[in-house]
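Peer 1: Here's the letter readout for the chains.
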Amino acid sequence: GAVVSQHPSWVICKSGTSVKIECRSLDFQATTMFWYRQFPKQSLMLMATSNEGSKATYEQGVEKDKFLINHASLTLSTLTVTSAHPEDSSFYICSPHTDTQYFGPGTRLTVL
Amino acid sequence: GQQLNQSPQSMFIQEGEDVSMNCTSSSIFNTWLWYKQDPGEGPVLLIALYKAGELTSNGRLTAQFGITRKDSFLNISASIPSDVGIYFCAGFFSGNTGKLIFGQGTTLQVKP
Chain A
1 GAVVSQHPSW VICKSGTSVK IECRSLDFQA TTMFWYRQFP KQSLMLMATS NEGSKATYEQ
61 GVEKDKFLIN HASLTLSTLT VTSAHPEDSS FYICSPHTDT QYFGPGTRLT VL
Chain B
1 GQQLNQSPQS MFIQEGEDVS MNCTSSSIFN TWLWYKQDPG EGPVLLIALY KAGELTSNGR
61 LTAQFGITRK DSFLNISASI PSDVGIYFCA GFFSGNTGKL IFGQGTTLQV KP
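The listed protein sequences derive, respectively, from chains A and B. In terms of this note's numbering, the first sequence opens at residue 1 and continues consecutively. In terms of this note's numbering, the second sequence opens at residue 1 and continues consecutively.
Just chain A, with the same shape it has in the complex (with noise of 0.2 Å):
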């Protein structure tokens, strides 16, 4: 299957600073990347679309002024969390869009 890399993989940081996401495709391109958030005991949900590029897309209700998303070359895109809450907090999972769809290995956010 396709190997998706993630970095960090975990990350601890102070209300109001920024973090930064990368997600790796290490075996193939990928032109389209998804990125999912996914908190505690629930299940993941879409939060943008980015294109290799082009401006990425997000889902309603997802700030694209906070969350921003960069896909600078085939292999990778990186989401920023621009002056994190608490409430950020949260697991994110890229996903690039392939013939199947296969994950990353996540993030693990929390923001104190």
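Think of the hints as simulated: they come from the structure by calculation, not from any bench. Treat the hints with caution; some may be incorrect.
[Claimed, not checked] 25 Å max Cα-Cα, derived PhoX-like pairs, lysine-lysine: (1) B:Lys51 with B:Lys70; (2) A:Lys20 with A:Lys64; (3) B:Lys70 with B:Lys99; (4) A:Lys41 with B:Lys99; (5) B:Lys99 with A:Lys64; (6) A:Lys66 with A:Lys14; (7) A:Lys41 with B:Lys111; (8) A:Lys55 with B:Lys99; (9) A:Lys20 with A:Lys55; (10) B:Lys51 with B:Lys99; (11) A:Lys66 with B:Lys99; (12) B:Lys99 with A:Lys20; (13) A:Lys66 with A:Lys55; (14) A:Lys41 with A:Lys14; (15) A:Lys20 with A:Lys66; (16) A:Lys66 with A:Lys41.
[Unchecked claim] Short, incomplete list of chain B residues facing chain A, as computed with Cβ under 7 Å: (17) Gly42; (18) Pro43; (19) Gly98; (20) Lys99.
Beta carbons: idealized from backbone N, C-alpha and C, even for Gly.
Assemble chain B onto chain A, guided by the hints.
Peer 2: Leaving out everything else, chain B in the frame of chain A:
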């Protein structure tokens, strides 16, 4: 909008028992996917179903795509302790954009 209803929410079974969980939708899906998620990790694809009526196995796991295209079930036979985790059904948003919508998940616990 499209929704997936997954049941049961949780199961606590004895090792060796068979398990069944299902998902239903208010609208038609063209693809059904079943994932397993271990704590702190991203979902791992177990089985993908692409045709109504399709019955597919992966080891001790069997999943079927309902004829109405509005439901799917996953069976696990002869459960073992490593089957513990959260199981999610998922389907693609309409238009085959690659965006996934997930069921609420079924938490499985296996008593040795």
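Peer 1: If a hint holds in the structure, say so; if it does not, say that too.
Peer 2: Going down the list of hints, with the structure as the test:
Proximity of Lys51 of chain B to Lys70 of chain B is assessed by CA-CA distance (about 12 Å); at most 25 Å being required, the pair is judged to hold. A hinted pair counts as satisfied when its Cα atoms are at most 25 Å apart, and Lys20 of chain A with Lys64 of chain A qualifies at roughly 14 Å. A threshold of 25 Å between alpha carbons decides the hint, and for Lys70 of chain B with Lys99 of chain B the separation of about 18 Å falls inside it, so the pair holds. Between Lys41 of chain A and Lys99 of chain B the alpha-carbon distance is near 21 Å, which keeps this suggested pair within the 25 Å criterion.
For a cut-off of 25 Å, the pair hint linking Lys99 of chain B to Lys64 of chain A stands: about 18 Å separates their Cα positions. About 16 Å separates the Cα atoms of Lys66 of chain A and Lys14 of chain A, which keeps this hinted pair within 25 Å; it holds. Distance restraint check for Lys41 of chain A and Lys111 of chain B: the Cα-Cα separation of roughly 21 Å lies within the 25 Å cut-off, and the hinted pair is therefore satisfied. For the hint linking Lys55 of chain A to Lys99 of chain B, the alpha-carbon distance of about 17 Å falls within 25 Å, and the restraint holds.
A hinted pair counts as satisfied when its Cα atoms are at most 25 Å apart, and Lys20 of chain A with Lys55 of chain A qualifies at roughly 17 Å. Taking the CA atoms of Lys51 of chain B and Lys99 of chain B, the gap is near 19 Å; set against the 25 Å cutoff, the hint holds. For a cut-off of 25 Å, the pair hint linking Lys66 of chain A to Lys99 of chain B stands: about 21 Å separates their Cα positions. Annotation: proposed proximity of Lys99 of chain B to Lys20 of chain A holds, straight-line Cα distance about 23 Å (limit 25 Å).
Simply put, Lys66 of chain A and Lys55 of chain A have alpha-carbon atoms about 15 Å apart, close enough for the 25 Å limit, and the pair holds. Between Lys41 of chain A and Lys14 of chain A the alpha-carbon distance is near 23 Å, which keeps this suggested pair within the 25 Å criterion. As the CA atoms of Lys20 of chain A and Lys66 of chain A are separated by approximately 12 Å, the hinted pair is consistent with the 25 Å bound. A hinted pair counts as satisfied when its Cα atoms are at most 25 Å apart, and Lys66 of chain A with Lys41 of chain A qualifies at roughly 24 Å.
Taking 7 Å as the C-beta contact cut-off toward chain A, the hint placing Gly42 of chain B at the interface holds, the least distance being around 4 Å. With a cut of 7 Å, the hint placing Pro43 of chain B at the interface with chain A holds, because the nearest CB-to-CB distance is about 5 Å. The criterion of a C-beta within 7 Å of any C-beta in chain A is met by Gly98 of chain B, whose closest approach is roughly 4 Å, and the hint holds. Hint status for Lys99 of chain B: holds, given a least beta-carbon distance of 5 Å to chain A, under 7 Å.
Against the hints set out earlier in the document, no violation occurs for any number.
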